[in-house]
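Peer 1: Spelled out, the chains give:
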Amino acid sequence: MVETSLIEMQHLVKKYGDKMAVDDVSLEVRAGEILGFLGPNGAGKTTTIKMLVGLLQPTSGVVRVAGYDVQGQPLQAKAACGYVPDQPNLYPKLSGRELLRFVGDLYGLQRTQVERRIEELLRLFDLTAAGDDTFDSYSHGMKQKTALAAALLHDPRVLVLDEPTVGLDPKSARLIKDILRQLAERGAAVFLSTHILEIAEHMCDRIGIINQGRLIAVGTMDELRAHGQGERSLEDIFLALTGGAEYAEIAEVLR
Amino acid sequence: MSEAVQPTTLGLWPAVWKLLRLQALITVRGFRRAKTGTKVGLAFAALGIVSIIVFVFVMSFLLLNLLRSPQLVAALPEAAHLAASVPVLIVQAGFLIILMTGFGVLLQALYLAGDMDFLLSAPIPVRAVFVSKLLQAIVPNLALILAVALPVLYGLGASSGYGVLYYPLVLIMLLALALAAAGAASLAVMGVVRVFPARRVAEVLGFVGAVFSIVCSQSGQFARGAVSAGQAATALRLVARLDVAWSPLAWAGRGLVGIGEGHWPAGVGFSVLALGAAGLVFALALTSAERLYYKGWAAMQATQRHKRPARAGSRAAARSLPALGGRFVPRAVGAIVAKDWAMLRRDLRNLSQLVTPIILGAVYALMLLRGGVPHAEPGNAPAWLEQALLSGLAYANIGIALFVGWTLLARLAAMGFSQEGQSYWLLKAAPVSAGQLLAAKFIAAYLPALALSWGFAGVLAILQGRGDPALLLQGRGDPAPTMLGFSLAVVALCLAAACGIFVAFGVAGAKLDWEDPRQMVSGATGCLGALATAVTMVVALALFAAPQIGLALIGWPPLAAQFAGLALGGAFCLACALVPPWLLRGRVPRLGEG
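For the protein sequence lines, the chains are A and B, in the order given. Everything in the first sequence is counted per the numbering used here, starting at 1 for the first residue and increasing by one. Everything in the second sequence is counted per the numbering used here, starting at 1 for the first residue and increasing by one.
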């Protein structure tokens, strides 16, 4: 079987004035693969993700989603993509069901199909009872789950998630992990940023680490270990790559 | 190892001082970091305020001298009594203004401010948080009241030759009453929030406040020319009646006058009573704060996850409209329109902005009807004059209908993109083109404005007897039945032009990072948009009218002249409706990128 690249980034650069937020990032995610995207706070993860889903225009470089140039063919690229942001800001006066119907219309899905999918997804995320409540009464976790349901509604070939498990209870976090794995098994590409290294280590096929806007490592766990200096866990590898000398000092302050 | 940190707890007033100092620091830093233009603007505003204060002082001095002149006292005894009641009136007005405005401000400051989690989890007394929020909340309104009341009261003192003690007492009295008003407002807020959710109260308050202020501002239109001298005298007598000895609010004013005039027993007595009552209200608010405030705030946190289902009708509307629109416009466009309308309808804070044009429409309609309609009786005037009068009347109706629709467009079209707020990512990440988004925002704004304007123009025409459907069906009524159709077409085209321009300005000035819908207005862009659309509509009306006038002079039939006007003005309007959004289409995909 030929492995198709569903996400391709080539020499991606994003500058804010003089500040280089993302500096020459190139990577790809193939069909059926989950890529974990790690990095310290302010490393450029969210900026990279926003360029990937077309929310930000790169200063230079190319992003392709499902073979479509996100800047040149944005509608085709976006139609193939599902996105869950780190802050699930949803229209406060719409209900969960209304939002999902709205998303179905934006993606041009058939109404009967949308209604069926909505009920399936609400049931899956345990939101059926709250489906007619407006978002201003939802908790963060409920909004996060609705945002994920909206991203899955059109059965995307590429799923991009920015910190998807933040604010979720363990059951929901586990559910998301299972869904992502199933999606990958069905041939979708999943691009996932997270601070929870355990998730990245156990769930992701490959891991990319970004620091100060530069992609400093990418590969499977074995590849990352092989390039390291004897570190075994992802946490050790991550700290070795992104700098951890200050931790001894922090521990001293807290002692 | 570094030295261990030993946290200490602060007392009430040191904590209040720290919180106030922090706020002052934030304000000063904000000013220092502001753009030079903003600093210059603020400096000019300060200069303007000082000039107004001086002006009010001088005017008060002169006016109060005039009110005490023997000639005026002889002619209008009520006016002289009014002069003596000035301190009572001003102090009462100041108290009531702070009480009413303080409710909304304190609701925001005490329950909806973003820093409450941080402050209430810090080891500082809840009462300190309460007091600092109270003081921060009343400062702007108090400053405004002082800027107006102090020069008037000092003007009164100067014109009446009051003693020296009067002047500091005025300041003390106003401050004490402001604190009492804020305390009373805070008690009301704490009581209401125990029963109703704070956010809902804020929404309802915004709506009621907007309706109240627009009704007040427009009520002057009704009163204009309708108040007789007798009614004015009655009003003055009513105002003077507020100065009664049993009212605690009158004690302050009576105390000030007593001290000023050197009537020491009455002056000191009323002043002590007023200050005592103010202190009592403030102390009551302070002692209640610990229990009421914290409990109310904590209850708000616990009840945040309440079930508030969207109304079934709204859901049906949101679902059915795209299906209806799908035949004429893309489904995504129909869905965005339906979503926008649902959001506008359901948020009372939006409705408070939308209600303005409706009230304006009602006010102007009543004014027109009350003023009567000019008629040129058939046979009494030449045909050309009759036609000119009809055209003039039609254009007056068009003008008012357009004004009403334009007011609505200023909210719906100019803020079409801004109203997406932080949820805009959803549209931006979806496969929706810039053209579709612009079309959706145009339709979502244009159709309600058109419906309102057409409804207004139609009702006016019917009430004026020119468009009476029954008479029109019988072939009678309007001597030029096409005039109503012409008016509606002109309104539709002019509004389309304004809508296109407003949408374009809405893209240019889109503001997506607001928390409260009332903060989504982008000042400069909003003003420019309003100016551009107003000029455009005037030009368009001129283009609609020019062929009618010109061709009528060379003897063309009115219908042909109307068609010529429609062709010329219509072409201009369509260009204005389409070209500005088209020029701005490239910016739509970049919105929200900072």
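Please keep in mind that the hints were generated in silico from the structure rather than gathered at the bench. Treat the hints loosely; a few may be bogus.
Short derived list, chain B residues pointing at chain A, Cβ under 7 Å [what the hints assert, rightly or not]:
#1 SER213
#2 ARG331
#3 ARG346
#4 ARG349
#5 TRP425
#6 ALA429
#7 ALA430
All values derive from a computational prediction rather than experimental measurement. Every residue gets a Cβ at the ideal spot worked out from N, C-alpha and C, and that includes glycine.
Peer 1: Could you run down the list of hints and mark each one as holding or not?
Peer 2: Outcome of the hint check:
The restraint placing SER213 (chain B) at the interface with chain A is violated, with a minimum CB-CB distance near 24 Å, outside the 7 Å limit. Taken as an interface hint, ARG331 (chain B) checks out: its beta carbon lies about 5 Å from the nearest beta carbon of chain A, inside 7 Å. A least Cβ separation of about 4 Å between ARG346 (chain B) and chain A falls short of the 7 Å threshold, and the interface hint therefore holds. Residue-level restraint check for ARG349 (chain B) is violated (minimum Cβ-Cβ distance to chain A is 10 Å; threshold 7 Å).
Because the beta carbon of TRP425 (chain B) sits about 6 Å from the nearest beta carbon in chain A, less than 7 Å, this interface hint is met. A cut of 7 Å between beta carbons decides the hint on ALA429 (chain B): the least distance to chain A is about 5 Å, and the hint holds. The criterion of a C-beta within 7 Å of any C-beta in chain A is met by ALA430 (chain B), whose closest approach is roughly 4 Å, and the hint holds.
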